[in-house]
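Engineer: Protein sequences, first through last, are from chains Y and C.
Counting from 1, one number per residue, gives the positions in the first sequence under the numbering used here.
Counting from 1, one number per residue, gives the positions in the second sequence under the numbering used here.
Just so you know, these hints were derived from the structure itself, not from any lab.
From a predicted model like this one, the values you see are computed outputs, not experimental measurements.
Be a bit skeptical, because a hint or two may be false.
You can't tell identical chains apart in this list, so a pair holds if it fits in one copy or across any two.
Said to hold, decoys possible - Straight-line C-alpha distance at most 20 Å; calculated SDA-like pairs for lysine to any residue: (1) K226 with L123; (2) K226 with G197; (3) K226 with P8; (4) K46 with D144; (5) K122 with G40; (6) K288 with G109; (7) K288 with R29; (8) K46 with E13; (9) K240 with A98; (10) K46 with R165; (11) K312 with S168.
Number of protein chains: 2
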Amino acid sequence: MTKVFNNPLDFREQMLDGFTAAYSRTIERIRDASGVMVRGGPTAGKVAVLIGGGGGHYPLFGGLVGKGFATGAVMGEIFTSPSAEQCYRCAKAVDGGAGIVFAYGNYSGDVMNFSMATMRLKLEGLDVRQVLVTDDVASSTDVDSRRGVAGDFFVFKVLGASAWRGDSLDTVEALGRRANAMTRSFGVAFGGCTVPGQGQPLFTVAPDQMELGLGLHGEPGVETSKLLTAQEVSGLLVDKLLSDIPRGAGTRAAVLVNGLGATKYEELFVLYSDMHRRLSAAGIETYKPIVGELATSLNMEGCSLTLMWLDKELQALVDAPAETPAWTNY
Amino acid sequence: MTKVFNNPLDFREQMLDGFTAAYSRTIERIRDASGVMVRGGPTAGKVAVLIGGGGGHYPLFGGLVGKGFATGAVMGEIFTSPSAEQCYRCAKAVDGGAGIVFAYGNYSGDVMNFSMATMRLKLEGLDVRQVLVTDDVASSTDVDSRRGVAGDFFVFKVLGASAWRGDSLDTVEALGRRANAMTRSFGVAFGGCTVPGQGQPLFTVAPDQMELGLGLHGEPGVETSKLLTAQEVSGLLVDKLLSDIPRGAGTRAAVLVNGLGATKYEELFVLYSDMHRRLSAAGIETYKPIVGELATSLNMEGCSLTLMWLDKELQALVDAPAETPAWTNY
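Bound-form chain Y, shown alone (with noise of 0.2 Å):
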């Protein structure tokens, strides 16, 4: 449950206020805005990515601004998307005259607004795409309709390193939706959370059941379970993913083991060791593994397992440096 807070209507703006005061190093924060960017803001004649979505996902979205990866974020309250205002503020801020690539998450409140944001920056003439991200194979059997959940992080890295590397737009558009088509989640939730100042989490799952292919704020999962053991878990996240493979892939995939908030490392940890038995069994060469907390939902427990698999160019950017609050890699 959340417990750290003053005023609730103030959560979003104190948080912004200290994220950036801890991450001055970093990243700045947008005037008049609620996001940040890049520290010295863009590039003259780079590609800008701007990522967003609700808040209380962190590192989504303003963990993963800086150098080599994201040119900014645009941050909603708690698990509601920002207005199509503030996503236009943000994207003229961070425009580097090269164009904008707008990536979220497949939603419909941050389609519709990042969508408003983009016709309008259209009419004043700027080259806006956008990149949706579509991991979750639990929310629907039509690729392009399903949600995005903790394979943000690995789209954003290949955009933000696409176009921190000079790319011109149609590039680093392309280079993200090959990432997104590349990538595959699956998860399960053992309990809800509470928004700051509310007395009732958003759902509640019985102490010895779980759900299966919950989304990141508690939408229906596609079933649910008796509580299983890590190696069942395992197996459940494992064969979906592998049930899911991509046309084109080849065998060797970028892995995220992703925890919601209250699943901790150490649970992470035991069921990785299973997860890498068996990927491993499958022939699958699992590449620079990333076992922690990428995507949250404030202190939901539950995990998810991410799969980007991986050709030469999307392993390049991949290891391209990136220094941002939440991620370094060098």
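Position chain C relative to chain Y; hints supplied.
Structural biologist: Below, chain C alone, put in the same frame as chain Y:
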């Protein structure tokens, strides 16, 4: 509550197995011991820094092993000291022939087991030093009797950076002691955590209350309070540390706002928003603040503020490059 496990008796082993499988690019398992070390083992002629303690505190301890940080880590069962035998085995594995520093938080079990291992290693002719972290101001008025909490992070970083650049054993030890002498932490808790396989949390806090000065394992706090606002918690933590500034401190301090597991990033940023204002108003220069989870207690609800008061040398060691599973800077 811990939900992802198989047989609780296998938890530590499976956790270590999964951790090692995920981060084999950085670390490797120490054979026949419950520990890990930097990939490729120790560097001949360099001092080895072996950190350790109970499990359940990730990224303490294994997550901080790697280039520029700890040479190795030895871990016990959840919230339980590693045995003297395990400390001994891991020390032998990380020894590079230039001496060993054992570094750990000041808890009686750890002191006993690391000290027994020290005696045994000394009988074999190895030069072993011990640096205990004693940063928790709540635990005693006697500075040397205090227990170690999130300040571990800064003390280990200084030790690792010093050893990595090739300092002598005397110098590494002296710098580690100086880092500890300059580090202070104070924390609060809102709720307990549950060890894998147990039905009851280690301790409970009423929903409208909080514990001040609680330790990492649910050791009694100094006081129970009604639940405070973020600003009140901030005032409490900042005032406490400003009333306990170590002799010789300047005006610049490295800052860590640490979450214990289920008090999440957004809450910590709201907290830091107020802390930053208070520290600045007191004339303190905050140096590269870190807001995140660097010393957890499974999914315990709580957080702490750590300050390490910097001089030029400590600052250089904080800045020195490092690459571990949970921490990278360059």
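Engineer: Can you name, in rising order, the numbers of the hints this structure does not satisfy?
Structural biologist: 1, 4, 5, 6, 8 and 9
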